[in-house]
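Modelling step: build the complete structure from the supplied sequences, incorporating the hints.
Listed in order, the protein sequences are those of chains A and B.
The opening position of the first sequence corresponds to residue 295 in this note's numbering, with each subsequent residue numbered one higher.
The opening position of the second sequence corresponds to residue 295 in this note's numbering, with each subsequent residue numbered one higher.
If you're looking for bench data, these hints aren't it; they were derived computationally from the structure.
Possibly wrong hints are sitting among the right ones.
It does not matter which identical chain is used: a pair holds within one copy or between any two.
With a straight-line Cα cutoff of 30 Å, these simulated DSBU-like cross-link-like pairs (lysine-lysine) come out [to be verified]: (1) K464 - K296; (2) K351 - K395; (3) K514 - K324; (4) K351 - K377; (5) K473 - K441; (6) K514 - K464; (7) K395 - K441; (8) K377 - K473; (9) K374 - K502; (10) K464 - K502; (11) K296 - K395; (12) K514 - K374; (13) K324 - K464; (14) K464 - K495; (15) K464 - K351; (16) K351 - K473.
Model, not experiment: these values are computed from the prediction.
Protein chains: 2
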Amino acid sequence: MKNLLIASTSTVHGSSYLEYILDDLAEFFKASEEIIFIPYARPGGISHDDYTAIAQKGFDAIGKQVTGIHTFSDPIEALKNAKAVFTGGGNTFLLVSQLYKLDVMPTLRARIFEGMHYFGTSAGANITGLTMQTTNDMPIMYPPSFKTLGAIPFNINPHYLDPDPSSTHKGETRETRIKEFHTINTQPVIGLREGSWLEVKNDRIILKGNLQARVFEQNKPPYEIESGSEVRF
Amino acid sequence: MKNLLIASTSTVHGSSYLEYILDDLAEFFKASEEIIFIPYARPGGISHDDYTAIAQKGFDAIGKQVTGIHTFSDPIEALKNAKAVFTGGGNTFLLVSQLYKLDVMPTLRARIFEGMHYFGTSAGANITGLTMQTTNDMPIMYPPSFKTLGAIPFNINPHYLDPDPSSTHKGETRETRIKEFHTINTQPVIGLREGSWLEVKNDRIILKGNLQARVFEQNKPPYEIESGSEVRF
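What follows is the structure, given as structure tokens:
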């Protein structure tokens, strides 16, 4: 049994934090009054308390209590007792380093496979994949491994960005980067555009939101899938 | 004694491979007929031979012989005998993984500190810094360390890109990423725009090309330096 929402971003242009996905969050978290928040990705170096306050503000609209995992003396015990977890975005290298350092990765994975409700945005979405190797983030910290939760049988590229045909910049496009990933790695990658998310119910994975997603498989041309369709390989 | 050219990119929009920097390369490499090419970053997964052929074509205009390091049975011995080295761009994680795997990092560093002429573009520029942690690349391979050559007392961000004020995308800007780097790392970072390079003569480092570069120091607002100015911290 698995229950996950895996979202490209916490915020879409022109709306407030989590606003675009609140209806689905209300349904997803309907059995949980309290959500344990994992703030380790710490965007912009803000404190864990400050980041948790942002998450709380987002969840106020649907009446949920958000508690930072950093406020527990034993984060592993906190995860064992959690009914619901939300991991926010920021830097994936930092997030994964912290999850390994505190040794919470195995417990988080075990709870997800037991059916605990998990919601992740951006870096928090990236870590649900097999590895964090299709992150867009800068490697500001050296994690002990790139292996992540493996809650889904592929990798996520959050904030997926289409190439800009008018660009004169010579840095690689996102599509080129993912193609480079596939020169030495075999797992499929879902490029989730901002405003898209995956809903995982056990082994059934559905694309949600208004947009298409771009799918990359090794040795195949990339292709689009429609919102509402099932992701299968 | 050190002699390096550290370039943001191999190619600027609207011109051919290395064309924008050929006059300086002719002067820089005037004492070397042969340049040893390090193709390990392998952009787009092409073969080492194919990548070396691209580099050779670029250097044909100034009459240099380019020899891929992969054609030597002993790459360490090849570096020990080299008068000049060029490392091309691609993926920095792949490049650094290979440099460690083949154990050539210490020899390359030693030869650079002895005064061997070194030219690097993009990933090949990134590795001249203290660490590869301000690369823009996707972590497609797990290197044994992020530590790089330390030929200069700071880090490089190649292909530096200014924020687009009209963008609605919520992914981090380059400036935000480098600020995140500085929440946990102390070394300065030079953001080199495409068409800029650093000329290193011993400990004197001069910004070259037509553009300004953006300098990031921990706990300071970022600032611009002019072409022709010396980089000092």
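Here is what the structure says about each hint:
1. K464 - K296: between (41 Å within a copy, 28 Å between copies)
2. K351 - K395: Intra 28 Å, inter 48 Å, cutoff 30 Å: intra-copy only.
3. K514 - K324: For K514 and K324, the Cα distance exceeds 30 Å both inside one copy (40 Å) and across copies (45 Å).
4. K351 - K377: within (20 Å within a copy, 61 Å between copies)
5. K473 - K441: both (19 Å within a copy, 26 Å between copies)
6. K514 - K464: both (24 Å within a copy, 29 Å between copies)
7. K395 - K441: Cα proximity of K395 and K441: in one copy and across copies (14 Å, 20 Å).
8. K377 - K473: neither (38 Å within a copy, 35 Å between copies)
9. K374 - K502: Close inside one copy (29 Å), not across copies (57 Å); limit 30 Å.
10. K464 - K502: between (33 Å within a copy, 19 Å between copies)
11. K296 - K395: within (25 Å within a copy, 39 Å between copies)
12. K514 - K374: neither (41 Å within a copy, 42 Å between copies)
13. K324 - K464: Classified as between; 28 Å across copies, 47 Å inside a copy.
14. K464 - K495: Between. Shortest inter-copy distance 27 Å satisfies the 30 Å Cα cut-off; intra-copy 41 Å does not.
15. K464 - K351: Answer is between; shortest inter-copy Cα gap is 19 Å, intra-copy 40 Å.
16. K351 - K473: between (38 Å within a copy, 25 Å between copies)
Consistency note: the structure conflicts with the earlier hints numbered 3, 8, 12.
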